[in-house]
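Novice: For reference, the chains in residue letters:
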Amino acid sequence: MLINIAKAFLMGGFICMLGQIVINLTHLTNGKILVMFLILGAVLQAFDLYQPLVDTFGAGASVPISGFGCSLVNGALDGIRAEGFFGAIKGGLQATAPGIATAIIFGYINAILFKPRTKKK
Amino acid sequence: MSQNFEQKDTKLIEEQSKIRSFKNQKKKTLYMDYVFEVSPKSSHVKNMFWAYVIGGLICAFGQVIIDLLVQNGVEDKVASVFASCILVALAACATGLGVYDKLGRFAGAGSTVPITGFSNAMVAPAIEFRSEGMIYGLGAKMFTVAGPVVVNGVMISFVIAVFHLVLGV
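Top line first, the protein sequences correspond to chains A and B. Its first residue numbered 520, the first sequence is counted upward by one per residue in the working numbering. Its first residue numbered 481, the second sequence is counted upward by one per residue in the working numbering.
Everything labelled a hint here was simulated from the structure, so no lab data went into it. Since the structure is predicted, the reported quantities are computational estimates derived from the model, not experimental observations. It is possible that some hints are incorrect.
[To be verified] Some residues of chain B that are not near chain A, with every Cβ distance over 10 Å (derived):
1) Leu492
2) Glu494
3) Ser497
4) Arg500
5) Gln505
6) Leu510
7) Tyr514
8) Glu555
9) Ile615
10) Ala620
[Stated by the list, open to error] Okay, derived cross-link-like pairs now, SDA-like style, lysine to any residue, Cα gap no bigger than 20 Å in a straight line:
11) B:Lys507 - B:Ser497
12) B:Lys557 - A:Pro571
13) B:Lys582 - B:Val533
14) B:Lys582 - B:Ala569
15) B:Lys506 - B:Glu494
16) A:Lys634 - B:Ala574
17) B:Lys557 - A:Gly618
18) A:Lys526 - B:Val550
19) B:Lys557 - A:Gln613
20) B:Lys526 - A:Asn549
21) B:Lys498 - B:Thr509
22) A:Lys551 - B:Asp581
23) A:Lys634 - B:Ala569
24) B:Lys526 - A:Asn543
25) A:Lys609 - B:Val561
26) B:Lys557 - A:Ala620
27) B:Lys508 - B:Gln496
28) A:Lys526 - A:Leu568
29) A:Lys609 - B:Val634
30) A:Lys634 - B:Glu612
31) A:Lys609 - B:Val630
32) B:Lys557 - B:Ala569
33) B:Lys557 - A:Pro617
34) B:Lys557 - A:Asn523
35) A:Lys609 - B:Leu645
36) A:Lys634 - A:Ile624
37) B:Lys503 - B:Tyr514
38) B:Lys506 - B:Glu495
39) A:Lys634 - B:Ile615
40) B:Lys557 - A:Ala601
Ideal placement from N, C-alpha and C gives every residue a C-beta, glycine not left out.
Taking the hints into account, I'd like the entire structure generated from these sequences.
Specialist: Put into structure tokens, the structure is as follows:
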């Protein structure tokens with residue numbers, strides 16, 4: 520179990536460090552970084568290159584947003600195998616719906632519970 | 481004669497506009513230099529170190545959740561989805577409490593790239609714009625950053641899937 524955690528730490532840290540390097544070099548905003556890594560993960564998975572990372576490093580590869588892109592593509596490909604073209608349309612969102620729905624639900628609850636904070640500098 | 485004059489005129493105007501655009505460009509580059517100078521400089525190595533540590537810790541925490549779930553008899557694939565849901569929920573609460581912003585200030589990409597950063601990007605504007613109403617404030621602003629992620633993600637997964645279907649892989 521400790522080895523798994525160490526692996527996750529190493530790989531997760533590495534992906535985040537890559538993101539930080541991109542930010543340092545280009546001063547891109549957070550949203551663009553998120554979309555960039557999402558597409559990176561999705562394209563890698565299109566050639567079946569990302570799932571091996573998830574298998575070896577566990578959460579280290581699946582927790583970063585590139586893992587989100589990977590599961591989107593996996594969902595769409597599974598959908599194709601199961602239902603053909605219709606599966607390609609619904610598969611991606613179906614696989615990632617739990618994460619998005621959790622963010623919406625808990626975001627809504629938090630937005631009702633908490634008042635916006637004034638940013639202190 | 482008059483034609484000649486006009487030609488001269490147009491030439492003059494062209495030159496003037498050229499000079500103007502050159503000056504504007506110079507101003508622009510000067511401005512960019514100024515922005516670069518004024519924006520706070522933190523050492524790249526230090527940024528990368530903190531991004532590595534915080535990002536790694538978030539992923540390690542996700543792995544702890546997965547391992548605990550698997551030990552309690554949850555299937556591997558379900559456990560990984562469930563773990564990211566728990567991380568998203570925790571990050572949403574941390575954003576509400578204002579903890580996540582503080583973390584993000586020195587973690588940089590370490591707090592953006594993990595799925596918790598996605599959650600933070602959804603919840604932070606939702607809290608901030610609630611005062612503009614529940615529908616056009618909270619409901620719409622929630623997707624200012626998450627919207628592009630979902631839209632691009634769905635599009636690229638669809639395109640890749642269609643490619644696979646056409647190529648028959």
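Novice: Hint by hint, say whether it matches the structure.
Specialist: Checked hints:
| no. | hint | result |
| --- | --- | --- |
| 1 | Leu492 | 40 Å, holds |
| 2 | Glu494 | 35 Å, holds |
| 3 | Ser497 | 31 Å, holds |
| 4 | Arg500 | 28 Å, holds |
| 5 | Gln505 | 20 Å, holds |
| 6 | Leu510 | 18 Å, holds |
| 7 | Tyr514 | 14 Å, holds |
| 8 | Glu555 | 14 Å, holds |
| 9 | Ile615 | 12 Å, holds |
| 10 | Ala620 | 12 Å, holds |
| 11 | B:Lys507 - B:Ser497 | 15 Å, holds |
| 12 | B:Lys557 - A:Pro571 | 14 Å, holds |
| 13 | B:Lys582 - B:Val533 | 15 Å, holds |
| 14 | B:Lys582 - B:Ala569 | 18 Å, holds |
| 15 | B:Lys506 - B:Glu494 | 18 Å, holds |
| 16 | A:Lys634 - B:Ala574 | 13 Å, holds |
| 17 | B:Lys557 - A:Gly618 | 14 Å, holds |
| 18 | A:Lys526 - B:Val550 | 17 Å, holds |
| 19 | B:Lys557 - A:Gln613 | 14 Å, holds |
| 20 | B:Lys526 - A:Asn549 | 19 Å, holds |
| 21 | B:Lys498 - B:Thr509 | 16 Å, holds |
| 22 | A:Lys551 - B:Asp581 | 18 Å, holds |
| 23 | A:Lys634 - B:Ala569 | 18 Å, holds |
| 24 | B:Lys526 - A:Asn543 | 11 Å, holds |
| 25 | A:Lys609 - B:Val561 | 18 Å, holds |
| 26 | B:Lys557 - A:Ala620 | 18 Å, holds |
| 27 | B:Lys508 - B:Gln496 | 18 Å, holds |
| 28 | A:Lys526 - A:Leu568 | 18 Å, holds |
| 29 | A:Lys609 - B:Val634 | 9 Å, holds |
| 30 | A:Lys634 - B:Glu612 | 13 Å, holds |
| 31 | A:Lys609 - B:Val630 | 13 Å, holds |
| 32 | B:Lys557 - B:Ala569 | 19 Å, holds |
| 33 | B:Lys557 - A:Pro617 | 13 Å, holds |
| 34 | B:Lys557 - A:Asn523 | 16 Å, holds |
| 35 | A:Lys609 - B:Leu645 | 14 Å, holds |
| 36 | A:Lys634 - A:Ile624 | 17 Å, holds |
| 37 | B:Lys503 - B:Tyr514 | 16 Å, holds |
| 38 | B:Lys506 - B:Glu495 | 16 Å, holds |
| 39 | A:Lys634 - B:Ile615 | 17 Å, holds |
| 40 | B:Lys557 - A:Ala601 | 18 Å, holds |
Hint check: no violations occur; every hint is consistent with the structure.
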